[in-house]
Structure formats: C-alpha cells, structure tokens
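Residues per chain are reported as follows:
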Amino acid sequence: MSELLRINDLHVAFPTDDGLVRAVDGVSLSVSQGETVAIVGESGSGKTVTSLSVMGLHKKGSAEMSGSISVAHDGGFLDVISASEEEIRSMRGRSVAMIFQDPMSALHPYYKIGDQLAEAYLVHNPGKKKEAAARAVEMLDLVGISEPVQRSKEFPHQFSGGMRQRVMIAMALMNSPKMLIADEPTTALDVTVQAQILTLLASLQKEFNMGILLITHDLGVVAQVSESVNVMYAGRIVEQGSVDDIFYNPMQPYTLGLLKSVPRISASGSERLKAIPGQPPSLISLPAGCAFAPRCEYIKFADSKACATQIPALVGTQPGHTSRCHIDESKRQASFAEAMKEVR
Amino acid sequence: MIGFISRRMFFALLTILAVSAVVFAIFSFLPFDPATLTCGQKCTPQIIAGNRIKLGFDKPIYEQYWLFLSGIFVGRTYGSGSAAFSCPAPSFGYSYNQNACVTDMIKESLPVTINLAVGALIIWMVMGVGLGVLAAKFKNKWPDTSSSVFVLLGTSLPTFVTGLALLIWISIKWKIVPMSLDGYVSVLDNPARWFMYFILPWITLAIAYAALYTRFTRAAVLDTLGEDYIRTARAKGVKEGTVLFKHTLRAVLAPIVTMAGLDFAGLIGGAIITETIFNLPGLARLTLRSVYEFDLPVVLATTILAAVIVIVMNLIVDMFYAVLDPRVRI
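These protein sequence lines map, in sequence, to chains V and D. The first sequence begins at 1 in our numbering and counts up one residue at a time. The second sequence begins at 1001 in our numbering and counts up one residue at a time.
It is possible that part of the hints are untrue.
Using 27 Å as the maximum straight-line C-alpha spacing, the simulated DSSO-like pairs for lysine-lysine come out as follows [as the list claims (entries may be wrong)]:
hint, chain 1, residue 1, chain 2, residue 2
1, V, Lys129, D, Lys1239
2, V, Lys112, V, Lys128
3, V, Lys129, D, Lys1246
4, V, Lys129, V, Lys112
5, V, Lys128, D, Lys1139
6, V, Lys274, V, Lys260
7, D, Lys1139, V, Lys59
Keep in mind that the hints were calculated from the coordinates and are not lab data.
Next up, chain V with everything else stripped away, as it sits in the complex (with noise of 0.2 Å):
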C-alpha cells in the first residue's frame, strides 16, 4: 500500500476585515492505495477548507498556508503548497480528482456533459479529441448511465440530480486517478441515491485502486465506506482512529456528542435528539484552550483550567488511535462507557 497523500500540519488561514479566520489549524493525516480516509465534522470545522487545499483550489492571496501537502504525482511527490500554478494543474483531475458536495451546480449548464467529460481528458492528453470521446462514452458507462453515447449529448439540465454525481464521478475518473477527494458526495441527494452513489464509489476504487479522501458531515456514510475517520472541530482534527474506534471507542467528548446526536430507529418516539448544546467557537476568535470545552459536557472530569488555558495535544492511547483531551483516562473511560450505552 502505497501513500498517496500526506498532510503534515497543514494551517490554512484568511484575512478578512473581522480578522484572521483560522480554518484548518495544525491538520494531519495520509491517505494509501485502495483506502477511505473520512473526515467528519460539522459545517465550519475545516473539513472542506482541508480538502480544497490538496487541490490548491484557495484562491491565490486570499489564504495563507503553511504546512506541506504532498500528493503523488507522476512517479514522485509534489507539495501543493509551494508548487507552481502550473505544476498544480498537471496535477488536477490528472493525479488527484475531486467530486462536489451539489452535483446540480457543479456541471456547466450550457456544455453537453460528453463534452465537459472529455476537456477533462483533453486538459492533459491536448489534442486527442477521439479518445476523449470514446473515453468520455465509456465512463458514463462505467458509472451505471444507460445510453451513454446518447447522454453524452445531452445537457446537465436533462439529468436527476443522482444522475449528475454520477457524471460528476465519471468525468473524477477520465485520467484514471489515483487518489480522489469527495467532499460531501452523497449530502444533495435522496437517500436512496445516496447508497447508490457510495455503492458506486466503493466498487470504482477497487476496480482503480485508488485512495479516497472523504469528507462529510453524515456519520453513517463514515461507518459505511470508510477505514479510518478524522473527526474535525474548528479546524482541528481531535480524534483519528480506524472506524470501529472511533465507533466503538471513541476518546473525545465532541466525537461522543455526534455519535449521541445521530437518530436512532430503536429509540422510543418520545425520546428527544441528544444535539450538542451550544454553537461551535467563531473561527476568528478560538478559545485559547481547548476549542470544544465551552460545550464540553465532560469538562467536570477534566482540569477545567487547562481546558480553558491549553490546546490539548493530539496523543494515543492505542495504537492508530489519536485524541486531543485532557480528561484524564481512567474517569473518560468509566464516565464515556456509561454514554456508550445509550449509544448502542
């Protein structure tokens, strides 16, 4: 299993007129051939920021970045972040393809989809309109759509929205990529599509072999598809783990509170929703401590001072399973296993 990402405490920031807004604050983690790497967390936390900084989708000059992305990329490694434009770009839908969260907005609506499936091959094969062609018809095929020489023709506007993701997917596949980032793939649509389109994802990277790199907000699509999750809040990843750890185990209150908030069908019809009481920190101004303990409903295991006066360090207790908390492990263990009841 070869490594094809590796984000190595990536902070991405932007100036605004309110102030510098953190958005991802200190992110690791690598993705290998033929794995699902999840990040999960709620809107704001960074996930989306992380994902579109592997593509160098920040807008030139309006984020400042640090850190190194390094995603492999003809035979080696290129950092996103000190690359060239140019050099990013060969790189794009070539080495690293992305889909979209809205596959309704994400497709030019004046192109016929077999056209923008095959700039997609053009962009780095120039010149070689045939194949793109050909490749554009055999890819929607690939993805389930029936009559592709006919859809190839047709207009986003003539497709259901699960039928877009699908193109969405099958234009990700034109340069046969090795890593694909799908941020929030299946959040647009019904639910019924959604198994579809994961399904879908799933049987492509094996036939591919290739790393996903997943984000979303729904924790049942993590338990789903993926091998090991990243839970994110306010630009920090604060707890990574293999999916039953996180699952199962999980070591951090806010990971906790979303596996408790999650809808249950055996749950009795009176029973409220657990959400997690109060509203994630702004990003221009973090708590100087740990950024989740104004909503910590744990903070009395812990030293609240430090929670409030320093960012815990991202530490394991197992091996492959990380937390940032400074609830000591003996009370989170008794105090977590009680909420885990409940959650099961």
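Start from chain V and add chain D according to the hints.
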C-alpha cells in the same frame, strides 16, 4: 425550433398591428385638423378642403387606418385625374411639408442611423465586455480601479457633453477628424470617408453604453467565477485563461447579448442628441424635425417603425437566447 419561431413571429405581428393601431388612433385624436397643416400662410378654405379630400382626411378614422395599412402593401395614390400622385408600396404616407413620400424620407435616413447604431454597438461591446472582463480578472487592482473611473465618467457624462467635447477638441481644435459637412457616404462608395464621418458619433454613443456594459460584465463575470461549475473546471486542471474566456464568458454571454439587442433597438430612432450634434441626417433627426413642423405622417411612420424595430429585436434576442442557453425550452 420552427414551431417556436413561427409562434413568436405570429405574436410579433399581432403586437405590431396593435401598436400601429394605437399610434394611429393617438395621432387621429390630436386637437388639430391635419388638413389645415398641409399648406402655408396663403391658405384658403378651398385649398384646405381640397387637400383634405386628396389626403383622405375626410374619411372616418377606421377607413384612414385601413388605407394606411393597405398602403404599406399595395402603395397609395392621392388625388385623382391628372393631379394624382402616388407613393409606391411600401407606402407609409405622404409628407405635405416636404412634398415627398414618407417611405422615401425613411429610406434616406434609416441607413445613416443603422450605420451609426451598428458601429457604436461594435465599439461598446468590445470596450464594455473587454474592460468588464479585465476589471473582474484584476479585481481591486489597477485595471479594475481605472475601469471604474471610466464607468463613473461614462455613466455620468451626458451624450451632449461627450459629443460636443469630441467635436470641439478632435474636429475643430486638433483637426484630427474633419467636420463632416458634405453629408453621408456609404461604406461601399468611400470607406475612408465613411469611417471619418461616423467615428466621432460612434465614440460618443459607445462611451455611454460601454460604461454600462463594463459594469454589467464585471459583475456578471465575478458572479460566474464564484459558481460551482467554475470550481469544477479548475479541479479538472483547466488553464486559468480557458476558465475565464471559455467557461465564464460563455455563461455571461446570454444576458449581455439580450441587453445589447434591446439597447440597439432603442438606438434606432433614439439617438437624437448624437445625430443632432454631428448633423447626421438619421431617423431621430427626421423625427425631431417632423415633430417641430407638425409633419404628422412622418412622425406617425417613424414612431411605428421604432416600435417595430423594438419588437423585432426582441424576437431576435429571444431566438438567440434559445440558441445560447440549452435550458430554454423551445
């Protein structure tokens, strides 16, 4: 497509008919007797009565309207016997002030106006769209700031100021472009003189419109650059230039073309100030002169013509839109 076009053509014709009826009615209810306007100071009641019958003003309004309409298709003959004179189809009436068929007067002035409007349209589209794209591309940098200065000047300076300024400085003071005193020449006869004849009026008209189009294009391009599908294009690895000139410009083209079509229609018969300053014998000048002289048949004809051009341009714009935007169902 053919169904769409014929349907729209039918409604356009209907609208034109309605407009012509309304305009005709308005002119018929004006509080003066058109027959008294047909001769000068040496008028006698006999001459007036004679003219009334000759020009058909004695007939009821609906019959006059019918004569007007049928004149467009079969021409019209006024008077009878040896004194009769006729305006061949398409006849829009007879100007008693100028003793000429209105159609001939329009035939003379319309080419001037069309030359003026087309030239101005080309200049302002190139300038407006070009500056707008540039301003959007270099948002908040010097090309943007300087183009916004141009926008401010262009939108706030009235045509009679820019027109007179150009005339005074370029033509009279610096003598770069000669004053066009010897009248309109067709581009086919003498392209160089034709160009010199029109260049200042073109610039005068174009400046005002170019400023509006710069502002509009800049906003539209910036809007579009924020669209998801532009991000998709970038994520594919498309070059930044292609993103701007293919993906973005393609999306802003449809509304710009719509606007241009309607503005162009407005200029036919609407460029009164420019035509007056530069002494262009165009449609607007003809209308203005006819209004002053109560030359009602001419005013009637140019008013209807202006309306027809607006309606026709609307039709063309709609058809163009259907071609440009695949989502428009036809």
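Quiz item: Quick one, are V/Lys129 and V/Lys112 close enough, alpha carbons at most 27 Å?
Solution: holds, 15 Å
Quiz item: Has the given pair, V/Lys128 with D/Lys1139, been kept, meaning a C-alpha gap of at most 27 Å?
Solution: violated, 35 Å
Quiz item: Taking only the CA atoms, is the gap from D/Lys1139 to V/Lys59 under or equal to 27 Å?
Solution: holds, 12 Å
Quiz prompt | 27 Å limit on alpha-carbon distance, applied to hinted pair V/Lys274 and V/Lys260 | solution = OK: V/Lys274 and V/Lys260 at ~6 Å, within 27 Å.
Quiz prompt | Pair hint outcome, V/Lys112 versus V/Lys128 [Cα-Cα no greater than 27 Å] | solution = Holds, because 18 Å separates the two Cα atoms, which is no more than 27 Å.
Self-check item: Restraint status (C-alpha distance of V/Lys129 to D/Lys1246 at most 27 Å)
Solution: holds, 17 Å
Exercise. For the pair we were handed, V/Lys129 and D/Lys1239, check the Cα-Cα distance against 27 Å.
Key: holds, 17 Å
Consistency note: the structure conflicts with earlier hint 5 alone.
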